[in-house]
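The residues making up each chain are set out below.
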Amino acid sequence: MHEWPLWEVFIRSQHGLAHRHVGSLHAADAEMAVRNARDVYTRRSEGVSIWVVRSSDIIASRPDEKDALFEPSDDKVYRHPTFYKLPDEVDNM
Amino acid sequence: MYAQMVKTGVDKLQSLDEMSARERAFQERIDADKRIEPKDWMPDSYRKTLIRQISQHAHSEIVGMLPEGNWITRAPTLKRKAILMAKVQDEGGHGLYLYSAAETLGITRDQMFEALHSGRAKYSSIFNYPALTWADIGTIGWLVDGAAIMNQVPLQRCSYGPYARAMVRVCKEESFHQRQGYDSLLALSRGTDEQKRMAQDALNRWWWPSLMMFGPPDGESVHSAQSMRWKIKLFSNDELRQRFIDLSVPQAEVLGLKIPDKDLKWNDERGHYDFGEIDWSELYEVVKGNGPCNRERLSERIRAWNEGSWVRDAALAHAEKNIHRASANN
Ligand SMILES: [Fe+2]
Ligand SMILES: [Fe+2]
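For the record, the sequence lines run as chains A and B.
Quick note on my numbering: the first sequence kicks off at 1 and runs consecutively.
Quick note on my numbering: the second sequence kicks off at 1 and runs consecutively.
Calculated cross-link-like contacts (lysine-lysine; reagent style DSSO-like; alpha-carbon spacing at most 30 angstroms):
1) B:K196 / B:K81
2) A:K66 / B:K34
3) B:K39 / A:K66
4) A:K76 / B:K34
5) B:K231 / A:K66
6) B:K39 / A:K76
7) B:K48 / A:K66
8) B:K7 / B:K122
Just so you know, the hints here were simulated from the structure itself, not pulled from any lab data.
Produce the complete structure using the sequences and hints provided.
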């Protein structure tokens, strides 16, 4: 018989941050994926919530589109607070 | 190491001028310490070498569970048993992180298992030695996991993103492995004469095979040179071995154990320990399949895989049935 499908695992730590990708695993179904994720990725209190999603359901941007997608933001320095030089008295704004 | 003598499929190092534009851009990214990610273009030889290296590393993690798993039911106290179980469970996790990293390169988990079971893929030579007494379990944690740490810490900075990230997770857990092993030896070395003898005997048997884990001197090996150029190997075998010896000698002294090497001596000029000659013919025999436990480890592994096959099939059949049921109800 064929392999169990691949799942991507996301864990939210107790510090209130968003779920973060931690790795992947094989499991026959979603329920087993959550259980295995608990065993593999939260053995040392790494998280309080688990998301799993089938790897084949993830749609990713393509590496060859990298420039087209991300370069336009490189020359827009005015989007950053450091672009604005303010007088010393108010510079902690 | 957990991956030893990995071939790269190249017979000569190319200069930047000899490379195609794509190859040059790839090498320049690596030279600039940028990470390579799964969907990026990469030379076929880089991909294949990484598959070999990462899968060998993964196989070592799970085959390494066998000698330790054997001792879970015989651990001397409940505390040691709980610790050993946690350690062996970690090693299973390490195998999984690494298999997952290799899968991003376009090989399936089943293909990797098939390569292991058929004997085409290797795992570390160290796991072909027997764990004869309880003291061996402590010694494995101290020396074998200790040697693995030497190699895995720099790999956190290797050029392939998924491999580097797997190493970050592994390294976080590895320090516990080494410390629990040392702690267990500490108990023996402060125990009865018989316990001390047992600890010394384990060190006598594991010391040299641990040094062999780092592999033979790289010398003129084109494979080592290529792997270093690709930054999937960051230090030479001899450098890591020396570092390991320098750290281990004082640790053995604290245990009151004697390292079985009459040539071992601090060299002030080098700032390192000198040590005796390693019998490389032993390593080559073990790698060829003639170590004390090669056949036993592989047949154990294959038996476990085959006996689990009905569970894997049943779980998948159950999952598929649930999908059909759900769609019939809609
Ligand atoms: Fe490990
Ligand atoms: Fe370990």
